Amino acid sequence: MSISRRHLLLLLPAAAVAWKHVLAGTPESSPNYTMSQHWWGMLIDLPKCIGCGNCVRACQAENDVPDGYFRTWVERYHVSDYDIENPVVDSPDGGKKGFPPAKEESGKNFFVPKLCNHCVESPCTQVCPVGATFVSPDGVVLVDKQYCLGCRYCVQACPYGCRFINPKTDTAEKCTLCYHRITKGLTTACCENCPTGARQLADLKNPKDPIHEFLKTHSVQVLKPNMATHAKVFYAGLDGSVR
Amino acid sequence: MRDTEHSGLGTASCIQLTATSEPEGGRASLRRARSSTGTTMHAFKDSGHLFRLAAVFVAGILVFLVLRGFLVPKSFGQYGHYRGNAMAEIAARPVNFAGHETCETCHADVLDKKKDGKHAHVNCEACHGPLAKHADDPASVQPPKLDTAVLCVRCHEANAAKPKTFPQVASADHSTGLPCDTCHQPHSPVIGGGAK
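If you read the protein sequences in the order shown, they are chains A and B.
FYI, in my numbering the residues of the first sequence are 9 to 251.
FYI, in my numbering the residues of the second sequence are 28 to 223.
Treat the hints as calculated values from the structure; they're not laboratory data.
Note that the structure is predicted; figures quoted are calculated from it, not measured.
Don't take every hint at face value.
[Said to hold, decoys possible] Straight line, CA to CA, 25 Å or less: simulated SDA-like cross-link-like pairs of lysine to any residue:
{"id": "1", "chain 1": "A", "residue 1": "Lys-105", "chain 2": "B", "residue 2": "Ala-147"}
{"id": "2", "chain 1": "B", "residue 1": "Lys-160", "chain 2": "A", "residue 2": "Ala-69"}
{"id": "3", "chain 1": "B", "residue 1": "Lys-191", "chain 2": "A", "residue 2": "Val-228"}
{"id": "4", "chain 1": "A", "residue 1": "Lys-116", "chain 2": "A", "residue 2": "Val-97"}
{"id": "5", "chain 1": "A", "residue 1": "Lys-104", "chain 2": "B", "residue 2": "Gln-195"}
{"id": "6", "chain 1": "A", "residue 1": "Lys-224", "chain 2": "A", "residue 2": "Ala-244"}
{"id": "7", "chain 1": "A", "residue 1": "Lys-105", "chain 2": "B", "residue 2": "Gln-195"}
[What the hints assert, rightly or not] Just so you have them, the derived chain A footprint on chain B, three or more residues with Cβ under 8 Å:
{"id": "8", "region": "104-111"}
{"id": "9", "region": "116-127"}
{"id": "10", "region": "152-165"}
{"id": "11", "region": "189-201"}
Every residue, glycine too, gets a C-beta built ideally from N, C-alpha and C.
Generate the whole structure from the sequences, applying the supplied hints.
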């Protein structure tokens, strides 16, 4: 279709009206929530994880994550005591349906749930050319779907592989730490559905949050600390072989 | 630098003065002066270009500012280099998992059974699936029936990677094909021992 000058002149105001609509945005939906009073992270107590995949299924049901893509997933590690540097990792369908029996029972076998680490010095937000992804004032790394161009810079930049391009919207997508839930006083879908308490939402600014007692009494580690991303997903009982 | 510039202008206006002071006067003489004193008169022409250039720049900047004011959302930059409204939009998403507190307000009987058993810390929707719609309107949204043959083994099927302390069974041997709930109460699964 070719657009004449006259048609363009007619189209421009229409586009302007549509754009105004985009600019208006949705009004504040959680009136009792004050961003400056929270600083969100997560605790993953690895020795409790049974690899049931409840978190993966819950995440997909809560956030309409397309099939074959994951905002959170579970990996199974097999570490031979003769070759601790080279673990064998599998994650069939993200661990969504649990795991088949281990091929190798000897050595060390354990599960590692993964998700966005909600880094304070997040490499993914730094590379965004348009300001479509950012660390919110309450410490959650979010994507603005309306602003995202789908350029994939952030997908490349995340050292943890936590982002993907949604094939339907062609925009970057990732764990929002169930922002629509935590701002309403609920826990995340994955934590709500974890049967053993292996995953726990943590508000680091709340002095009454059990995370503080846990951090005082346990050794915890973040993934890839050498990347200095200042990750806020803390793993207790993390094995050195985990990448 | 400044001085030379000034003197340059000075000469130019000087020449203009001399040009207009010719007997014929007016435009005709200026025009003639231009054609006759070609090199010096370029100063005029060039200053005209400069003004036009400046005008183009100013117009460009104005158009940019107007467009920018119009195109950049109001909330952009409110908290940082992003659209502040984006957070409210993300937070506006509907919830699918109501959370166990919501279930327990209506199903207190189930909670009573569950709270002393081994499944006390397993939340309702971990087994029953997302039921926010049911919680909003229990009369018209019926929760689907669960198949214990699929449900229980997700968590309890023996696997070498599971923590050794977690109760696991090899379901084929353990249940001999019977559904788990023929022997176990889902909300209080331990057999005997006060029906925990």
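Okay, the hints, checked on the actual structure:
1. Of the supplied pair hints, the one linking Lys-105/A and Ala-147/B holds, its CA atoms being roughly 23 Å apart against a limit of 25 Å.
2. About 13 Å separates the Cα atoms of Lys-160/B and Ala-69/A, which keeps this hinted pair within 25 Å; it holds.
3. For the given pair, Lys-191/B sits about 21 Å from Val-228/A by alpha-carbon distance, which is consistent with the 25 Å threshold.
4. Taking the CA atoms of Lys-116/A and Val-97/A, the gap is about 12 Å. The hint holds against a cut of 25 Å.
5. The straight-line distance between the Cα atoms of Lys-104/A and Gln-195/B is roughly 19 Å, inside the 25 Å bound, and the hint therefore holds.
6. Of the supplied pair hints, the one linking Lys-224/A and Ala-244/A holds, its CA atoms being roughly 12 Å apart against a limit of 25 Å.
7. A distance of roughly 17 Å separates the Cα atoms of Lys-105/A and Gln-195/B; the hinted pair therefore holds under the 25 Å criterion.
8. Beta-carbon proximity to chain A at under 8 Å applies to 5 residues in the region 104-111 of chain B; the threshold of 3 is reached and the given coverage holds.
9. Chain A is given as covering the region 116-127 of chain B, and this holds because 11 residues of the stretch bring a CB closer than 8 Å to a CB of that chain, at least three being needed.
10. Only residues whose beta carbon comes within less than 8 Å of a beta carbon in chain A count, and the region 152-165 of chain B has 4; three or more means the coverage holds.
11. Given a C-beta distance limit of less than 8 Å, the hint that chain A covers the region 189-201 of chain B holds, as 3 residues qualify and 3 suffice.
Of the numbered hints given earlier, the model fails none.
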